[in-house]
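Novice: Based on these hints, arrange chains B and C on the given structure of chain A.
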Amino acid sequence: MLILHCPHCDRMVDETDLHAGGEAHLKRYGPGSEAEVFENYLFMRANPKGVHFERWRHVYGCGKWFLAARNTATLEVYGTYAAQTTEPPQAIRDAISEKQPGWRWGTFQ
Amino acid sequence: MRLRTNGRLVAKNRPVHFTFNGKRMQGYAGDTLASALLANDQLLVGRSFKYHRPRGLVAAGAEEPNALVELGRGDRQEPNARVTQVELYDGLAARSQNHWPSLEFDVGVINAKLSRFLPAGFYYKTFTQPRAFWKHVYEPIIRRSAGLGSAPETGDDHTYEHFNVAVDVLVVGGGISGLAAALAAGRAGARVLLIEQTSGWGGRAVVDRPTIEGATAQDWVNATLGELHRMPNVDMRIRTQGAGVFDHGYALAHERLTDHAPKRGGPRQRLWRIRAGQIVTATGAIERPLSFAYNDVPGVLLAGALRDYVVNFGVAVGERTVVVTNNDDAYRTAIALVNAGLEVPAVIDARAAAKGELPDQARAMGIRVITGSAIRAVEGGKRVTGVSVCAQDGTGGQIEAIACDCVAMSGGWSPVVHLWSHCGGKLVWDDAQSLFRPDADRPPLGADGAGFVTAAGTANGHLFTAEAIADGFGAGRKAASASGHTRKPGQAPMGDDLAEAAIEPVWMMPAGAPYDLRSKMWLDYQNDVKVSDVQLAAQEGFQSVEHAKRYTTLGMATDQGKLSNINGLAILSNALGEAIPQVGTTTFRPPYTPLPLAAIAGVARDELFQPIRKTPVYDWHENNDADFEPVGHWRRPYAYLLGDETAHDAVKREVNNTRTNVGLLDASTLGKLIVKGPDAGKFLDMMYTNMMSNLAVGKCRYGLMCSENGFLSDDGVVARLDDDTWLCHTTTGGADRIHAHMEDWLQCEWWDWQVYVANVTEQFAQFAVVGPKARQLLQDIGGMKLAKDDLPFMQWAEGQIGGFDVRVFRISFSGELSYEIAVAAGQGAAFWDLLLKHGEPLNVMPYGTEALHVMRAEKGFIMIGDETDGTVIPQDLNLDWAISKKKDDFLGKRGQQRTHMQDPDRWKLVGLETLDGSVLADGAYAVEVGENANGQRNTQGRITSTYYSPTLDKGIAMGLVKRGPDRMGDVISFTKDGGGTVDARIVDPVFYDKDGEKQNV
Amino acid sequence: MSDPISALLGRETQGSVQVSDTGLRGMITLRGDLSYGKMKSICKDLTGAAMPGLREAQFKGENGLLWMSPDEVLILLPYADVADGLAKIAKAMKGQHHLAVNVSDARAVLQVQGPFAREVIAKLAPVDLHPDAFPPGQVLRTRLGQIAAALWMTDAQTFQIICFRSVADYAFDLLAASAAAGPVGHFPRGT
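Protein chains in written order, with the numbering used here: chain A, 1 to 109; chain B, 1 to 1001; chain C, 1 to 191.
Bound conformation, chain A alone:
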């Protein structure tokens, strides 16, 4: 079972109190977007073995969304952070770099 830190409640929370929301840091495309861009936004999701960024909602707790940087293969969690950001904060990237030198996820590294 994943046990993640809710950054809003500042406590560890069992997966069963959370709701998983899929890949984080997606950019929304609406009317006027090219078919390919829209398809990408709607359907194409990264499924890496290794570093990944995910959306989670503390649904049985504060109700807030947060983001998690974790390793899908080892289940190591590099950090969790508030959802109100378009890219992972530097502290999270540093934490990942420390454990996974040279990592890359999408346009981040």
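Hint data in this document are derived by calculation from the structure and do not stem from the laboratory. Careful: at least some of the hints might be erroneous.
DSBU-like mimics (lysine-lysine), calculated; alpha carbons at most 30 Å apart, straight line [unchecked claim]:
| no. | chain 1 | residue 1 | chain 2 | residue 2 |
| --- | --- | --- | --- | --- |
| 1 | B | Lys682 | B | Lys699 |
| 2 | C | Lys88 | C | Lys60 |
| 3 | B | Lys699 | C | Lys40 |
| 4 | B | Lys699 | C | Lys60 |
| 5 | B | Lys994 | A | Lys27 |
| 6 | A | Lys27 | B | Lys887 |
| 7 | B | Lys682 | C | Lys91 |
| 8 | B | Lys962 | B | Lys994 |
| 9 | B | Lys788 | B | Lys837 |
| 10 | B | Lys682 | C | Lys44 |
| 11 | C | Lys91 | B | Lys699 |
| 12 | C | Lys91 | C | Lys40 |
| 13 | B | Lys998 | B | Lys837 |
| 14 | B | Lys478 | B | Lys488 |
| 15 | B | Lys426 | B | Lys382 |
| 16 | B | Lys699 | B | Lys994 |
| 17 | C | Lys88 | B | Lys682 |
| 18 | C | Lys94 | B | Lys682 |
| 19 | B | Lys699 | A | Lys27 |
| 20 | C | Lys40 | C | Lys88 |
| 21 | B | Lys682 | A | Lys27 |
| 22 | B | Lys976 | B | Lys954 |
| 23 | B | Lys837 | B | Lys785 |
| 24 | A | Lys27 | B | Lys885 |
| 25 | B | Lys682 | B | Lys886 |
| 26 | B | Lys962 | B | Lys886 |
| 27 | A | Lys99 | B | Lys994 |
| 28 | B | Lys998 | B | Lys699 |
| 29 | B | Lys887 | B | Lys785 |
| 30 | C | Lys91 | C | Lys60 |
| 31 | B | Lys426 | A | Lys99 |
| 32 | B | Lys785 | C | Lys60 |
| 33 | B | Lys788 | A | Lys49 |
| 34 | C | Lys38 | B | Lys682 |
Specialist: Chains B and C in isolation, oriented as in the chain A frame:
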């Protein structure tokens, strides 16, 4: 038989009575069912799965593969109880399993005669050829023979519970290593949970009695338990098995509370759901059998188990026991037996020499030691009568025969690495000791990327007292420190050992055994897998250990290879000509031993199986013969049955009465979300397909919500409460989902917009007062003005009715004059009663969800979940009027612009009337000529809603039909339940009051 | 109008740990900027309690404030005072983005009291309920069995639990069954 001496765990002054297969027997308090059966010379306890060979006890603990019995009857029946783990109590009734007609005489033995049909992989081979055998041989005989205990047919009347804890250190195993680990962690100040699967502490040490800290092992165990009991930060549980270790330090433990004392109250079992910072697995080791011919005859036991029975319970299996071994430890059994006054005619040692202190002691006691030898074969059928001896390095030429009634075997010890391995801990092959042990460099990794499990003691490959206890203490200290508790725990306890000579790996006896011997050497007693089966699997190309397992069934079923795993893969590796570590082990999966489903369910059964959501008038519904239907977790009345009415009659009456007089609907379950803030209008314009920002205060508007895909997701009436506040009604199932959907977009996309959302669904009871006499009913009660001009259609107002504070919405889902009235939930029942009381002269009747559905279908209103299924866009339902053309953007707008969504061939909503007036089948397809690429009949539409309409006295339906709205008047055919088709005409979906005059009066 | 009723109609159990309905309770969900001065003062005016910090429960007698999320507090006050309270909030927060709604009827408030009350809750909630981890003065939002719940302790042996009204019977029966099953003996008694 029971010995006069020994038996440290049994109280010989406290007899306990029990039955086995109906036969009355006696044991003592402290016995396990296993030891009590042996005390009564009941060696035969079951039959093997495949060949139905007689089977006796082999082990004394959780690894016992044979002795599974059924306990109790009726609501206390339990199949597959392992007798070694069942503590004896007065009145215990056990029955053996997997035999027919009786344990002594079992016709299933015929399977053994058919053994040429049952080789390795027989599931895959034999069940296919010859075809004629299937019906008359395989099905009736083999299937029957492959069973375990029977499933209970009645409910279980025990209670079970869960318990959630978070600890710094979980220590699994209450032997000396586990006790030492708990001691170190406890002294360091960590929160410790120490669990032990048996009913006592000390593990093997209190049987084998090494010296610890200058005293007996038992003295050290007692002193340590005393210290641990005094620590408020340590909880200790016996009869609690570590069942599994999972990601991020989650672990399950299974505590048996009253299995041994069934008359005691309280829950029978407790499932501990543990979040551990660190886990120490001090789970000990399991002795390996040796592979010699007929090693499955009852009376052949593990040497350590035999010692346990003698020392712990004062029970012997036979008078004359031959010990066979490849290591020094088995000599302890020989010594213990002789000390107990029993005969040991020989120790057969496969090694060329036996020079350790234990063999010397044995020899000094007069025990004959035959080195370089092996058992060629065991004699006897339902129990051992003797063994024939041969040279270990030969092909089985008999040297001598020894009469005996028991054989104690030891192939060495395998650390119990299950819990270490469950979550990814890796193993390393220890060549010197011939065992797999945890690789400390590759532990299971936790959330921080560091190891969170430490193996300790024998479970870590330290088979000797001194290292085992020191290793346990060290593991406890390390675990405490890793969880932030660094207080110094003092010195590790010191243990003493006799010097033992090295084990020699022996995977087969004799080393050059021919096929006739190999085909009688059992590796897996439970699944009847022999040395020859594994060799055949290798020969047939099953080189992966995981494949060989499934092909041969080695290590499957309840036993999961606790005894057979290492021996089996050693045989496999020999057959493949590879080293053991290259072949590797199969995957260790939780739980360690099977967990009862009842323990997993815990309290969640019967009434508490799942929450039932009740509206404020649930009790009234229940007291008035509501026929409930589940809607999510809600229970809503489907219809109210009067007298002898069927549900169909009731629905018809409810519809007719509502259309003629006045009906009441409990609509409390509809979702109610308050959306407020300076940006609320802008936000709702994104959420809904239509415009909500321009809705005037006091007015209502029907709105549609779509996913980004463009598919219709929810609908409902939105009311604007004030300048910056909207009330959004959702479907019953949509309240939580749409609330979450709104929060998602507000928190994760438009977090700079100033909007708050609150779910107030349950704050209100909401009732629809529906029908031509609805207004009269409310006016009779008295209160706020509700005339046509006071509260026009699609408006809302606040006021009082009958003294109740209410909010009234003039909306209609039935086509009739209708008021939906919201009142505080705590006054809902009283207000409902008031409506019924004042409505009596008007013939008011409540109606249920089915009447609601019929009336909305008569009006051609769509229902989320009927007309929609996640692939339907609003345009398919002719709801273009509710999709704003003015807005640049809303959720789903771009999705609806995709080519396929614009396809004129899309199936679109129409009404359907059968030509014969019958009711179409729900979900029926409209057939078209020709077939598709898969040879299936082409279709051109399907039914989404279909009812008998009491108002029109005929079947009406809605459906999605290819280009439907362009084909008004066409007749198409729909499939019928039971075959054939029925013709229906495409018509307007509004069957009733097309101009909407009734709802607008 | 008639007197409002609570979902549980005063149900209670006997036994060494007792489960009971606490009856009608005024509850206002207030969302806004918890650090905003006027928000703090109106909360204090209504309850006498200070604005709670992260995961805190602040009480003055029966009235109190529960931290529900970084932008939400639950105001607990007498049932009859809610309408007046909402009016005061609207006045105090005028011009400031906020949301205040009456949720008194949407919820049920249960009490679990007795020497092993802590263990009764730990049987049902996937959280660390050790006295060091969850003392009186904190609030916890989690699951109780299969439903959402908020809980806090009024003293070392007493929990108060809020759940949705529709599942009040489930919550009560669940707690009653867990209390009837007796203590686990894991947590020090009376903590």
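Novice: Now tell me, hint by hint, if it's right for this structure.
Specialist: Hints and how they fare:
Of the pairs offered as hints, the one joining Lys682 of chain B and Lys699 of chain B holds, with about 18 Å between alpha carbons and a cut-off of 30 Å not exceeded. Between Lys88 of chain C and Lys60 of chain C, the direct Cα distance comes to roughly 19 Å. Compliance with the 30 Å bound is thereby established for this hinted pair. About 34 Å separates the Cα atoms of Lys699 of chain B and Lys40 of chain C, which puts this hinted pair outside 30 Å; it is violated. Annotation: proposed proximity of Lys699 of chain B to Lys60 of chain C is violated, straight-line Cα distance about 42 Å (limit 30 Å).
Between the alpha carbons of Lys994 of chain B and Lys27 of chain A the distance comes to roughly 45 Å, so the proposed pair goes past 30 Å and is violated. As the CA atoms of Lys27 of chain A and Lys887 of chain B are separated by approximately 21 Å, the hinted pair is consistent with the 30 Å bound. The straight-line distance between the Cα atoms of Lys682 of chain B and Lys91 of chain C is roughly 25 Å, inside the 30 Å bound, and the hint therefore holds. Of the pairs offered as hints, the one joining Lys962 of chain B and Lys994 of chain B holds, with about 24 Å between alpha carbons and a cut-off of 30 Å not exceeded.
About 24 Å separates the Cα atoms of Lys788 of chain B and Lys837 of chain B, which keeps this hinted pair within 30 Å; it holds. Taking the CA atoms of Lys682 of chain B and Lys44 of chain C, the gap is near 33 Å; set against the 30 Å cutoff, the hint is violated. Our distance criterion of 30 Å between C-alpha atoms is met by Lys91 of chain C and Lys699 of chain B, whose separation comes to about 25 Å. Between Lys91 of chain C and Lys40 of chain C, the direct Cα distance comes to roughly 14 Å. Compliance with the 30 Å bound is thereby established for this hinted pair.
Only pairs whose Cα atoms come within 30 Å are accepted, and Lys998 of chain B paired with Lys837 of chain B is accepted, the gap being roughly 25 Å. Restraint check: the Cα-Cα separation between Lys478 of chain B and Lys488 of chain B comes to about 11 Å, which is no more than 30 Å; the hinted pair holds. The suggested pairing of Lys426 of chain B with Lys382 of chain B is violated, with an alpha-carbon distance near 41 Å, which exceeds 30 Å. Distance check on the hinted pair: Lys699 of chain B and Lys994 of chain B sit about 23 Å apart at the alpha-carbon level, within 30 Å; holds.
Between Lys88 of chain C and Lys682 of chain B, the direct Cα distance comes to roughly 28 Å. Compliance with the 30 Å bound is thereby established for this hinted pair. Only pairs whose Cα atoms come within 30 Å are accepted, and Lys94 of chain C paired with Lys682 of chain B is accepted, the gap being roughly 21 Å. Simply put, Lys699 of chain B and Lys27 of chain A have alpha-carbon atoms about 36 Å apart, too far for the 30 Å limit, and the pair is violated. Between Lys40 of chain C and Lys88 of chain C the CA atoms are separated by roughly 13 Å; this keeps the pair inside 30 Å, and the hint holds.
The hinted pair formed by Lys682 of chain B and Lys27 of chain A meets the criterion: a straight-line CA distance of about 20 Å does not exceed 30 Å. Distance check on the hinted pair: Lys976 of chain B and Lys954 of chain B sit about 17 Å apart at the alpha-carbon level, within 30 Å; holds. With a C-alpha separation of about 20 Å, the suggested pairing of Lys837 of chain B with Lys785 of chain B holds against the 30 Å cut-off. Proposed proximity of Lys27 of chain A and Lys885 of chain B is supported: the alpha carbons are some 25 Å apart, at most 30 Å.
Using a Cα cut-off of 30 Å, the hinted pair Lys682 of chain B and Lys886 of chain B holds, with the two alpha carbons roughly 13 Å apart. Of the supplied pair hints, the one linking Lys962 of chain B and Lys886 of chain B holds, its CA atoms being roughly 29 Å apart against a limit of 30 Å. A hinted pair counts as satisfied when its Cα atoms are at most 30 Å apart, and Lys99 of chain A with Lys994 of chain B does not qualify at roughly 68 Å. Only pairs whose Cα atoms come within 30 Å are accepted, and Lys998 of chain B paired with Lys699 of chain B is accepted, the gap being roughly 20 Å.
The straight-line distance between the Cα atoms of Lys887 of chain B and Lys785 of chain B is roughly 37 Å, outside the 30 Å bound, and the hint therefore fails. Distance restraint check for Lys91 of chain C and Lys60 of chain C: the Cα-Cα separation of roughly 23 Å lies within the 30 Å cut-off, and the hinted pair is therefore satisfied. The straight-line distance between the Cα atoms of Lys426 of chain B and Lys99 of chain A is roughly 21 Å, inside the 30 Å bound, and the hint therefore holds. Of the supplied pair hints, the one linking Lys785 of chain B and Lys60 of chain C is violated, its CA atoms being roughly 43 Å apart against a limit of 30 Å.
A distance of roughly 65 Å separates the Cα atoms of Lys788 of chain B and Lys49 of chain A; the hinted pair therefore is violated under the 30 Å criterion. Proposed proximity of Lys38 of chain C and Lys682 of chain B is supported: the alpha carbons are some 27 Å apart, at most 30 Å.
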